[in-house]
Amino acid sequence: MTGFLIILVSSIFVNNFVLARFLGLCPFMGVSKKIDTAIGMGAAVTFVMAVAAMVTWVIQYFILAKFGIEYLQTIAFILVIASLVQLVEMVIQKTSPVLYQSLGIFLPLITTNCAVLGLAVLNIQVGYSFLESVIFAIGAALGFTLAMVLMAGIRERVDLGPVPKCFQGLPIAFLTAGLMSLAFMGFAGLVKG
Amino acid sequence: MELKTFKGGLHPPDNKAWSEKKAIEVCPLAEGDELVVLLSQHIGAPAEACVKKGDTVKKGQLIATPKGFVSVPIHAPTSGEVVAVEPRLGTAGTRVPAVVIKADGQDAWDDSLAGADPDTLTPQEIKDRIRDAGIVGMGGATFPTHVKLSPPEDKKIDYLILNGVECEPYLTADHRLMIEEPENIIEGILIIKKVLGVEKAIIGIEANKPDAIDLMTKACAGRGIEVGALKVQYPQGAEKQLIYALTGREVPSGGLPMDCGCVVQNVGTAAAINDAVRRGIPLIERIATVSGSAVAEPKNLRIKIGQPLSKLVEYCGGVKGDLGKVIQGGPMMGMAAVSLDIPATRGTSGVLLFSEGQVLKEPEGPCVRCGNCVRACPAFILPTEIAFRTRKGLIDEAEKLNAMDCIECGSCTYICPARIPLIQSLRQAKGAIIAKRRKV
Amino acid sequence: MDKTLYISSSPHVHEGGTTAKAMRDVIYALLPCVVLWIYSFGVVQPFIVMLLAIAGCMASEAAWEKVRGLPITIGDGSAAMTGILLALNMPPNSPWWMALLGGVAAIVIGKQVFGGLGYNPFNPALIGRTVLLISFPVQMTTWMMPRTHEITSATPLSEVKMAVGLTGAIPEELQAQLGSVLFGGFGGQLGVLSGFALLAGGCYLIYRKVITWHIPVSFIGSALVLSTIFWLVNSSKYPSPVFHLFTGGLMLGAFFMATDWVTTPITPKGMLIFGAGCGILTILIRLFGGYPEGVAFSILLMNSATPVIDRLTVPKKFGLVTQKG
Amino acid sequence: MNPVSELKRGIWTENAVLKLGLGLCPALATSSSVENGIGMGVAATFVLICSNVVISAMRKIIPSKVRIPAFIVIIASFVTVVDLVMAGFLPDLHKALGIFIPLIVVNCIILGRAEAYASKNAVLSSAVDGIVMGIGFTVALVAIASVREILGNGSFFGINILGSGFIPMLLMILPPGAFLAIAFLLAGMNQVSAEK
Amino acid sequence: MIGAVLSLGGIGFLAAVILGFASKKFAVEVDPKEEAILNALPGANCGACGYPGCSGYAKAVASGQVDPSLCTPGGKAVVEKIAQIMGVEAVVADPMVAVVCCQGDNEKAKDKYKYLGVQDCITAQMLAGGPKDCPGGCLGLGTCVAACPFGAIEITPQGLAVIDREKCTGCKKCVSVCPRKVIKMTPKSATVHVLCNSHDKGPMVKSYCKIGCIGCQLCKRTSPEVYEVENFLASVKYDTYDAEQAIAGMEKCPTKCIRDFAAGYPEGSTFKS
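Protein chains in written order, with the working numbering: chain A, 1 to 193; chain B, 194 to 633; chain C, 634 to 958; chain D, 959 to 1154; chain E, 1155 to 1427.
Quick caveat, the hints were computed from the structure, so don't treat them as lab data. Ideal placement from N, C-alpha and C gives every residue a C-beta, glycine not left out. Check before you lean on any hint, since a few could be wrong.
Said to hold, decoys possible - On the chain C side, residues computed to face chain D include the following (Cβ under 10 Å):
hint, residue
1, Gly-675
2, Val-676
3, Val-677
4, Gln-678
5, Pro-728
6, Trp-729
7, Leu-733
8, Val-764
9, Leu-765
10, Leu-766
11, Ile-767
12, Phe-769
13, Thr-775
14, Leu-857
Said to hold, decoys possible - Take a look, some chain C residues computed to stay more than 10 Å from chain B by CB distance:
hint, residue
15, Leu-638
16, Pro-644
17, Arg-780
18, Phe-951
19, Leu-953
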């Protein structure tokens, strides 16, 4: 049980996907302008990541490893993830047009969200069990969401202020992310995981 | 004694000592003086002139008739000749319709005016008399009184609350009225009680007027009227805050006092009601405080509606030093006037003259989020957050942050260390929200 | 009456406070602590560090505003205040260039890039300190003993962290020694003396209505409660709450940095949440994290959560209570 | 097609990282040293060129409905090639870049160029596009990495250049430093563009 | 090798089947025209068309009920493109630009009072009807500047809003925010305009402004085709606009409140004609 907790805490705070591992920066920068959208995106990513972790784990150990074709990992994983995202996109578009509208073009972005593929690859590299993979996925996604929501809050405020012209847009967003990353350094060593 | 009050607000230095000991004096009117009677001196539809240039009028004669339910008639403040019916510079700094009367110096009453014994009248008859006398809220808001006294049948009124708080700094008109004419007020209260059919009436008075509290308590004893002493706190005179302070009830957001079983009337209104019902005198005079650092001798005056502010100031010894700003009403909620030439209205509870040095000219700085405005706000909203969203045009977000609940008391702006005119942006937000709602 | 009058929106009177006055109050409140700090660590060097940190802040603020063609705002005292706080967060024996660099970092990336005073999401002084701490861990952890001025890397918090890391418990002799922290027995620590100086400053600020009690009380309170729980569970591994209170920057943080107007919530409820978050994170980082001291990080972390807290604690507007009876 | 203006387009006007904000993850993650930056840049450039060529060649065969999955498969194949080659010949670099080699697949630049350019243009121009965009990416990486390595380690390409007296700012080679470096780089570019 | 092909193919096949099934089950109709139109629009989301942003307009046009020529910022090119998508003939309107009909800056027009407060025309207007004595004059606090999505408006050092005729796209944003309604839409081809917005009588105008229209009718008498005077304010009849006649009338104006933008912008402006 403590093992799972460590994975969870580690992936949310200590090795935050965005702020410490640089995974999923594109959607992080793109969708963190409003708190509400950030929460929606976070939810979508959490769902996709959890499912992707399960599916890729199964594929890795039951197909790729069986046939000794681990070198096809990248191709197989990205194929699965791409299909999965498209599926989620279709489901959301049908069931919740409001959510679809607010997430807009960012749903397809989850495909090219390196956080998802990165997570799948990391799971295999570290050698997590099936359950651990899922926990790790949820933790990573929660960490991603946390960072994105906090970031969105700050950006809502910063955008109301007189940021120097050359810093407006991406630069100030990166700077804010950098300072958040600085703050998150405080979690370093919180758990050895 | 534990003094009641409300949550939030603040306590600005009241500066009442300048005029609180001065008995009310009548501001004189000479033959040939021009009185500019504006046709829109109340909230609601403006009245329509029923006299024309060249007519002679008597004091108290009807000169403009109301249009619609939320509107009141207007009467001649003195006898004389109507010299013009045309737009004149009004309180808001713009030209608005007015009737100009040249006083004949006789100040002769219209003979047709007659009083009645309220005990012999039905509530509806009393209300009609109140309307016909043009009575509006005398605290400064000038909302037609007969409308306030006509709650829908399904709203049960438990409390009549009398506003003797006068929480605005400098102003002492209500204070003097309570000391000098307590009977007039109490008679008025009894009339209102009859109209509304309520049992309980409370007069709220702040602790900085101990003489008024003593006097009113004695005078009210045994007549079914209570006196509630209140801690000195601004804006206690705001309806919702006063109701909360005296009864602990909260007026629902977006609602009216009657939604929590209360009706609030100013003490000055009560006196005016008594005059109107018993003596048949319409609302043509009021008490106003003339004060401030740029007036030679601060005083409390009984003024005629339509007298130019410059006349009042003249009677108080004129302008002293370098005049910078003229305010109608109190310094917290009053409106700055563009000139001393504008006429007094039914809402002129005070005229304050500020010297040039007293004008707040500090440029606004950035908001440092100190939270003073949040703690001072008696409506529990976030003034700074709303103001800056409004400035960025984010009206929807401002609405979501309850901008409409702002009562424009000015506490946030008074306390803001960055000197941001928050309330100006809040007013803009409210205006924009109302405009938007109308469109939809 | 030919004179053109002034017109502005009501109210036409003002309480009289200004941002600059409040900043000056904060600086006054810090003075006892500053004097004590400079005196205890050998006067000359800490004085230089303090001066250079302030100079770094004020010079970079003035330079930035000059380049951008904005009005120079160093007169409002906020840059000076940042400098003082930054210096108090550094070892008094820091090299001169570090103080200067910290000041520049604090003002430039902590404040001015966001548009200057009022718009920075993070506390500038802590940004300066943390940038230095992460960049120059050796210099930032070389401390000086008060009175003897002996150079040491042993702050009580790092001693405890190291001992617990090695053996899983605080050894007896260290345990016995920990009490001396209250009287300045460790590197960089002034103990109770500075504690009272800070408390007095904090009370002055509350009296002057520059800050409210919410954040200091919930910060210190939650830190004490949490550390007491751990201490009661295992006092050989976790030091006592009193120790936590008087070590590191807890008091300084609670009274002077977690109460920074700009970077903390504006509602009283939000302030309580903010303070509690700071306290809890501080103790967690101190006991379990990689860094021995967690005050700076915890405040920065809560700074980043401030907008979200503000959003969640929008007060219930007047009149939302349903009427009874 | 003018090679100079094309190059300018890749490096400056349409620089994927610094102007369009694409491919940020590897740009930050692998720019702690110039060596890593160049390694990443070259690897991505290789994939970019190859995939551009192949996609351009097959652009008439692939039905538009399934084009994105098809592109991804093509890209993934080349990434796998790069992965295996690097693991074989440059094991240290391979280790340093870690999971960011397989993650080239999801680098927005590559898919973006495939979608925006290669699928609409001839093979040769697509190849050129791949080259200039790849160079732009590499240049951006080197720029970020230079700042970080010089300030954070006192060296450039592993060679100590600032002398032993220099105390490096460790922050710059840690994650926050990456964000700060790119923020100031972007702001500087905005300033230069605005002044032009 | 066979294993590799089979497994990868299998994964691909399975994914394709699921997706194919899902695309049927969760199909949502999106009009391809709508997307095409959205791509053709400039994306300024300025609202000149009267719809909430470009996507709202795209939807409306795609439904076929709305005229494709409402996008003023896009100009002729966009209208033609949309018309092509919709398969209808393009009707391109004469481009309109906004003009600030006032020249009464701080030096030429008198103030009613000294304004202290938020530097915004709408809020200033709420206080005693705005600090300018003239009821229609430009307040110069820059609300239109902030509203303009194209950076086409500036405030001169003397405190007067001026609109660049080249940068203006005719989106009407400034017209809608101006509390004094001093900004008017005019055909771009016409360069001579009456720059006054006061309907007060001549002596009144003279009392507060050195450059306001006094309703003297001289322009109308010179060029009755181009000028009309209504309610003491002259205006240009754009339907029968003729440059030569307009200039002839302009030269007769005693207060110089008529200006030919082809000959220069109001004084203090950095815009070049």
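Do the hints match the structure? See the list:
A least Cβ separation of about 23 Å between Gly-675/C and chain D goes past the 10 Å threshold, and the interface hint is therefore violated. The criterion of a C-beta within 10 Å of any C-beta in chain D is not met by Val-676/C, whose closest approach is roughly 26 Å, and the hint is violated. For Val-677/C, the suggested interface contact is broken, since its CB lies about 22 Å from the closest CB of chain D, more than 10 Å. The beta carbon of Gln-678/C is not positioned within 10 Å of any beta carbon in chain D (closest approach about 18 Å), and the interface hint is therefore violated.
This hint holds: Pro-728/C has a C-beta 8 Å from the nearest C-beta of chain D, less than the 10 Å allowed. Checking Trp-729/C against chain D by beta carbon gives a least distance of about 13 Å; that is not within 10 Å, so the hint is violated. For Leu-733/C, the interface hint is violated, since its Cβ never comes within 10 Å of a Cβ in chain D; the closest pair sits about 13 Å apart. Evaluation of the Val-764/C hint against chain D yields a held restraint, the C-beta minimum of about 6 Å falling below 10 Å.
The criterion of a C-beta within 10 Å of any C-beta in chain D is met by Leu-765/C, whose closest approach is roughly 9 Å, and the hint holds. A cut of 10 Å between beta carbons decides the hint on Leu-766/C: the least distance to chain D is about 9 Å, and the hint holds. The interface hint given for Ile-767/C is met, as the beta carbon of that residue sits about 5 Å from the closest beta carbon of chain D, less than 10 Å. The restraint placing Phe-769/C at the interface with chain D holds, with a minimum CB-CB distance near 6 Å, inside the 10 Å limit.
Residue-level restraint check for Thr-775/C is violated (minimum Cβ-Cβ distance to chain D is 12 Å; threshold 10 Å). About 31 Å separates the beta-carbon of Leu-857/C from the nearest beta-carbon of chain D, more than 10 Å, and the hint is not met. Some Cβ of chain B comes within 10 Å of the Cβ of Leu-638/C; the nearest lies about 6 Å off, and the non-interface call is violated. Taking the minimum C-beta to C-beta distance to chain B, about 4 Å, the non-interface status of Pro-644/C is violated against the 10 Å cut.
Every C-beta of chain B lies more than 10 Å from that of Arg-780/C, the closest at about 39 Å, which supports listing it as non-interface. A Cβ of chain B approaches the Cβ of Phe-951/C within 10 Å, the least distance being about 5 Å, so the stated non-interface status is violated. With a cut of 10 Å on Cβ distances, Leu-953/C falls inside the contact zone with chain B, its closest approach being about 5 Å.
Checked against the numbered hints given earlier, this structure breaks hints 1, 2, 3, 4, 6, 7, 13, 14, 15, 16, 18, 19; the rest are met.
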